[in-house]
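These two chains come separately, so use the hints to put the complex back together.
One line per chain: the protein sequences are A and B, in this order.
One point on numbering: in our numbering, the residue at position 693 of the first sequence is 693, and numbering is uninterrupted.
The number in our numbering is simply the position in the second sequence, starting from 1, with 1000 added.
Possibly wrong hints are sitting among the right ones.
[Claimed, not checked] Straight line, CA to CA, 25 Å or less: simulated PhoX-like cross-link-like pairs of lysine-lysine: (1) A:K723 / B:K1039; (2) B:K1097 / A:K601; (3) B:K1170 / A:K727; (4) A:K601 / A:K469; (5) B:K1039 / B:K1078; (6) A:K601 / B:K1064; (7) A:K723 / B:K1064.
No lab work stands behind these hints: they were computed from the structure.
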Amino acid sequence: MTEDIERIKKKNLLLSYYNQDDLLAAGDSNRNLPAMSDSEVQIHLRDPYDINSSSFEPDLFLKKLIKEKTLPEIMDFENEVAKETRRLDSEMQTLVSENYNKFISATDTIRQMRSDFKKMEDEMENLVSFMSDITTFNDKINTTFQPKRSEISRLSGINNLLKKLQFVFELPAKLNEFVEKEHSYAKAVFYFTKAKKTLDHYKKMSTFKNIENDCLLIIENLKEKLYGRIDMSDSKPNDILESVDLLSQLGEPIEQLSTKYMNRIEKSLDQDLNALKLDLDLLAIDQKNQKDNNSGKVQSAMDILEFVDHGCNNFLANLSSVIESFTSLFLNQKNSDFKYTDENEEKLNTLIRAYWLKYCDLVRIRFEVEQNLGENTIIVRAVDRFYRRIQTINKQIPNIDLSTEASSIALYVAHLRVNFYLEILKSHFNESLIDLRHQVALIGTSNQPDKKLLNLHDSTFKSLTEQIKNVLSNLQAFIASDISFSAKVYFNEPFCKTYVRENLLVAYLKFIAQTANEYSNGSHDPVPSALLLILSRLCLEFESVAIDYLLTLADEQFFINNKSGITNKKELGDLFRDSAKLLINYYVKVRGINISQMIRKSVETRDWLNTIEPRNVRAVMKRIVEDLTSIDLQVGELFEAGIRKEKGSDSSRNTFMTRQTQRSAAWNLGANSGVDSKLMSNIQKLFAEKIEIFSQVDFNKMSILTGIVKITLKTFLECIRLKTFSKYGLQQIQVDCHYLQMYLWRFVNDENLVFVLLEEILNSSINRCTDVQLMESRVVELICEAV
Amino acid sequence: MLEDEIPFIYGLEYQSRALCSQLNETDIKRFLVGTQTLKNINQVHLIEYDDELNSLKKCIFEHKNGEIWQIGSSPQNKLQFFTCYNSFSPPNTIQTKCSIWELPEVLDMSIPADDSSHFSLKHLVDLPQQVCISTIWEPNAKGVVSLSENSIYYYDLIDSSEPKLISSAKLEAKGQPKFTNCKWNSHHNNSQIATCNDTAIRGWDLKSMKQCFVIESSHNQFVRDIDFNPNKQYYLASVGDDCKTKFWDIRKTNESLKTLTNHSHWIWSVRYNSVHDQLVLTGSSDNKVALSAISSLSSEPFKTVVNEENDNETKLVAEPDKLVKIYEDHEDSVYSVEWSSVDPWIFASLSYDGRLIINKVPKEEKFRILL
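This is chain B alone, in the form it adopts within the complex (with noise of 0.2 Å):
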């Protein structure tokens, strides 16, 4: 085995679901995740990873208010993230909520790695809604999208320690929807964003908090996330309980564009590389993870080669569609995957036992889409 291509395992203490990649930062690979336990304080931690060094360092907050199901980095400050978390209250009550985060300015990162003394979080503010599923940054602006189970809720974060809710849209359907799951699309000046309830996949335009489209089945069952190729408007990634991969154009809902069934059990997240936008990243309760060149929907479809036989002539070549590799190194269900921001070439996953496991792309992948 080559090098590059032994994992880095990391282990957590506790169970966990939420991963997310830091934004905003341009030199260190940074990780933030988020455990679930119900027994014991909650923890965030900060994952450093050196890959020339193939080395981690860490730095462990505390998280007291409840199990973390879902964790965002802020694409404006480094240092802010949000959490979603089920806060428990004695005896029987659960609360689903999101609060905004701020780590601190200056970082101790040279904790060993079996120091276990935690810091602490800046609590900055809770958003100001009853149920919270799921939230989601604005990529430009200092704004948040929040999901309760029937509502979509657009917050003016540009005062961090109060948000003002600028619109908000209910969903209106047959048998009680729930909402799910929820992305923005970078295209359109960042005004549409996509949710996710039972099979159906919803497009809304926040300006007018209607519904600009819907995919009614998009899965044969659940329908667990969705992406949105971030270099090519129109496109979006789906997975879900039925074990597959689906790839659709907005623009044309009836009919998926491909589908992948690369996984034996319900796929939870799916990933676009956001430069290499080919490469997409699935993790599922299969205990896999698997990455994939879908370059036939990809913003670059063709490949230059060079014709040395004839005066160098360039041709355009179409790149076949593949599967470039799928990682076993997880033994209990993958909740969450996660590019790094960093560098393309490094992704992390997050399993149920607390495993989190950083991986390179393949390193003949890589040149093969590099060269």
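Excised from the complex, chain A in its bound form (with noise of 0.2 Å):
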């Protein structure tokens, strides 16, 4: 069956050849039924009914048309059948003479190249005999020049051995002349090496003896010579290095010319020294002298770019050529022993390590000069250029690391500048604390508050934001992108989270927190309390709003991501909160004292016995509502209302009249049973709440007077206690007291205690009067409403 489809194939591939008709009709009914199976084409195959099948059977196939097809239909096929036949035929005779055409024209071609392979032999042997020939001949000519050669290779021998002669008698005189005038030893020791060798081969003969003898005479002075030049101190370092190099050259002992150059070296790197530290004193000189008088003085010291520029040109070029020639003459010797080697690139070690440690300190001399003046960007600059150098030196030195020492000065460098800044931001605070002493002070006599207090606080806590922020940004400059030492880990970590976060930031902020404390324990001298309270409101700033914002500032802008190990946010805030609150709770002590000082005085002063029915409230109290009215405007500046205990402020004034009516209506009933009356105030007590006098209070208006307002009324009843009382004098304090709770519950939190404490004093100078009997309420409220 596989054969059959192969036939299939190739017959269409025939068809395709011969027409393409054919084969589309071909394709035409496989395309038309892709999906056909190999058992449709079977099908097809065995159908013995296809005219165009191998299978076809005439017989069948005849049969089935007279079967089916009517007559004139058969007729038709027999004519369609015909004329297929004779296409079939002409077509298959117009390929039959196309291909005897083709076939002819190839036996042509093939007879061609036969005869053309024939002439090409023929010229090839005629070649090979040609090539022959031309072998010969060459051998020949060769054998001939021979003797010649030779002859010409042993004269032109002679010759440079006369040459040589020449120049080894001459040597002594060329010598001299080289040494002794025209000072190019170089040449010298050039021609000498090259002469030594024959020298010492053909010393046995008397006249190279002598040769010998003369020119070592004048070697030896041309060491000496060199040896000179090597500790002549104003020689050039080139110089140095070339009689360094000649005198190795004639074989002086390695070790011995190490030492001497060694020694040299020192030499000429403590001059340099020298130098710098000249410079030093010189600053030092100029200070003073800036200090003595303030002439202006021609600066004669380098400043620090100065100095830097001038330490790395001459001291550390010195260094680095330092090391490259005694690398080049010493250690890179491939002849030279290694013990030697060994030796001498220790010895190289220990003395620029020497001689960094003493610059280094030079180095950081200049700078702790330079900390308390100078530029920001000259000094990150000048570190910078330091910095550099010193890395390009490092690479020349593998097995020193002079960069630890670098980096070292970076830091403290980076260090003392923080320190700077701390100082300075801790002198701002300083300065604007006594500032807005001043303002304060001011303010209090215009006696007109107008929100002066917060316009001061504002400004204050702008300033001090500013300048942290000012400074912040200074110090940014150590880790600019262009600056080499900046993104070093040994230098970034520390300078942005211990240096920069804690040493500055979080120690200025404990600073400010400290001082603020120091205010509210009284150890300064007695303050403007006015100052108390926007020193808190400041610390309150601080605590909300300003750490957040600045340790994220600084966090942002000096990169720290490890925050491990750093002061969190939460600690610095609850300490500018404690001292807000000492400050505060001082701000109610310092007032609530004064107006106790003033009840206190006029308590004592009166005599409570002999005095005159009561016309009118004590001045005194007047004087106090005032003063609690000017405390409140003032904080209430600063800070917010806060929130009253809800109670109808009308109702409670009634209760208290209303309480006072019967009271009094009780005393005088009762007026001789003491028992009474205790066992009343002590009831009362019990379930009046406890009240705590000098209490904590929180950061608003109303709880801030209602510490005040019950400090002074304590005072009140602790100095009513001690007193003795008239009815009038009794009468008047009930006026007061009146009078006091008609204002004072408007400061407070709780009305109730005033109330409480009102009552207290009342009950207590009723305790206290030889004769009690309290005025008539109306009387009362005529009088206070007469004020």
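Okay, here's the thing in structure tokens:
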């Protein structure tokens, strides 16, 4: 069956070759049924009625034809088959003729090729014979020239020898000339080393011996001169280098040379260091002069940039050239002994180390001098320049790490700088405090509050935060991206986290809180109370806004991501909150005590036994209300009002009055029974809440005022208990208490508190009265309202 | 709560400020309290406390002369005491006087607490001065010092019926200062007293009647009371209206040695314990009594600690200063506190509402001091 399929395919190929239309027809049958399976093909193949099929059975087909079709149809079909047969026949004929022509032309071509190859073979044979001729000629020429060539080479050898001899004989004179006249020691050494071998070889011949002796003499002289040049203090480093190099070529012991060279280096490095030291001394003198007299003297010392430049250009350049030359001289020579190499390297390293440390010390001292003056950017640039130079030098000496010191100096300078800024911040804070104090004093005299305290507070707060921001942005110079050491881990992390955040920002904030604390424990001289208020508000402001803002700012500006081991915001916030609390409590205490003093004086100095019938509220009570009003205004500027315990004000006042009337009635009835009164007051106390007099207050106006009122009233109570009252004395107190009740309720968050305290005052004065007769409440009201 | 820490409370009928411990008594813990009432007859209560039974006996005496501001038991004769009192005579004059009284030899202390029968006191003598603000007994002799508003009087009372004025001095300073309180310094042969006026504490030498030291502004405000350390000379405690207790060395008066802030209102009374002088009591108008142990300024600043590991080697360890306890049993201002003269672990405090409370030093502290 597969064969059948194959065949169909072949047939189709043939068809495609001969006629495209047929292919299309066949292809169509295939294409139209792409999913047609093999079985259907088989059916198609086996169809004995298909005229194109191989299994075509003419008999069957005919039978079928005759059976199925009508006569005209059969006739048509016959015509058609005849037509088809004719067409196929003609096609076959054309095919055969075409292929025949092609075959004939191919036969012609093959015949042509055969004749061409024959010609080519003949020419190749010719070529081979020519080549063999050439080879024989060549051999002949070679043998002819052989003797002459050896002669020439012998002659040139003799010539060389003669030249050498002449050189040797002329050597002493030449050397002398080089050494004495031209000072070109290098040439002399070069020639000598060249000749030395020969001289050594022919030592036995006296002529040569003499020459050698002469040469050696000259060379000794030369050596002396070279040593002299090394020791000479003003000789150039290049000369020294050359001398050492020449001497080593002359076979001087390397050890001796290196020691000598080392000494020389030390001398020159010392010189450089001394120059720097001198400059430091100059600077000190300058500063002293400036301190002594401010005359604009010409500054002779270098500024920090110049100093660093100078150091880099002289000392560091020298150092690096020393390292370079030493390495090339003593360390990189292949022929030198390993032992010596190691030793020399060791020597060099210790030397460099020692001088490096000396230099570091100088630089450090210089930066120390600079810490309190000078521009930040200049210092940063100086450090940067220094650090870069060290990095380049460091690459030249693989065994010593100079960068540790360099980075430690960078860190040290940053540390100094941070401390310097901390001091600046501190003094700024102290200055603004003094300023604040002046301003507050001024306001105190003008007596027109007009939101001035708030403005003062705002401006102070602003200037403090601005100052911190300035300092932070200044310090950012240290971690600017173009600064070589800024990104190094050993610099960046300690600088950002420890120095800037902890040692500067956190330390400063702590300092503020600390200073505020000092104000609150009365260790300062008496301060204006408004200052306490402002300070307390400032602390609160820091706690709620500024700490978070500043720390976040610092974290962002200095890219502090690792938050381990740093002071957190909460800790600082608590610190400030505590300070604010202490301050506000102290404020309450100070104001309360002021008013207390007034009350105490007024109660103590009066003769309560011999007083006239009260016609008026005592002046001191009015003064107290006035004071409280002004405190209310002052506090109200900076703190929010706070919540009052809700209670109808009118009703409470009425209650007081009615209670008072009731009691006065009760007193009149049972004036003699002290026990009853005591019982009454005790029962009252049982129900009254305990009142903490100097208690903690909250950060709002009501609470602050309540604190002051409590202190005031408690003082009043205690003073009254020390006195004895007549009838009119008692009535005066009654009037005063009513007056206070009328005005004090508005200041406090719990009116009941005022009520309880005033009640107790009145009770106590009743107890301390020799002739208890209270005034009629109507009269009391009249008197109080008349004020 | 431990049993011994339950306070014993005794109520007086009237308001009272004056309290003292009966001196020159060795067995019975007795306190004297004087009342303040303008309308009734004032009383002196003699109170006897038995700490084993935690019970109390009392004896009430009438004090007809007036309301008592100060009371003081004689260190020589346990039956004698003085009172400073206001005597009111209608219509409106008040005299402040000081009298010496004597209790009956035989006391009938068996009166039950609810009985109110009163006894009379034997009036010995009045101090012959116009105004008497405060009085103190001479510790080891028969003398008293009494203050008027601006003068000090030193009397000899050997003949108890007739005080002899030995010497007097007048306080002269700006602004008509008034004396408020005084204390005897039991060191230096009892030749020194200290007085308070306004914020100043002044020391006086009784022989020359000259001022011998002054602490000008000992407190920011009024100084209410002072007490000398009974066992360590030169040391003085003071309290005042600034709610602070301060300790002084009277040789260095420009700066206090230590300041305590245990109270939230004026402190009216301060007392050193006569035996263990690190214990200091203060009473305040914040209704509280504070007991502090100030070892660093006491006569026994170090404690001997036996190191058991190291062959019973002993070493001295500095005791820390601390607040031992705040007693909050009073409901009115506490104007006076007093240690018992018999048992150094017992003290009494008196508030204005007439509540006398007898307390003990907490056992823990007691053992810490003793052991």
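Query raised in the report: When you check the alpha-carbon spacing of K1039 (chain B) and K1078 (chain B), does it fall within 25 Å?
Result: Roughly 30 Å between the alpha carbons, so the hint for K1039 (chain B) and K1078 (chain B) is violated.
Report task. Take the C-alpha atoms of K601 (chain A) and K1064 (chain B), compute the straight-line distance between them, and say whether it is at most 25 Å. Result -> violated (31 Å)
Report task. Verify the proposed pairing of K1097 (chain B) with K601 (chain A), using a straight-line Cα cut of 25 Å. Result -> holds (24 Å)
Query raised in the report: Going straight from one Cα to the other, do K723 (chain A) and K1064 (chain B) come out at no more than 25 Å?
Result: The hint holds at about 19 Å.
Query raised in the report: Taking only the CA atoms, is the gap from K601 (chain A) to K469 (chain A) under or equal to 25 Å?
Result: violated (51 Å)
**Report entry** Proposed proximity, K1039 (chain B) with K723 (chain A) (alpha carbon, max 25 Å)
**Finding:** holds (15 Å)
Query raised in the report: Hey, K1170 (chain B) versus K727 (chain A), does the alpha-carbon distance stay inside 25 Å?
Result: Distance of about 35 Å is beyond 25 Å: violated.
Figure legend: structure checked against the earlier numbered hints; hints not met, in rising order: 3, 4, 5, 6.
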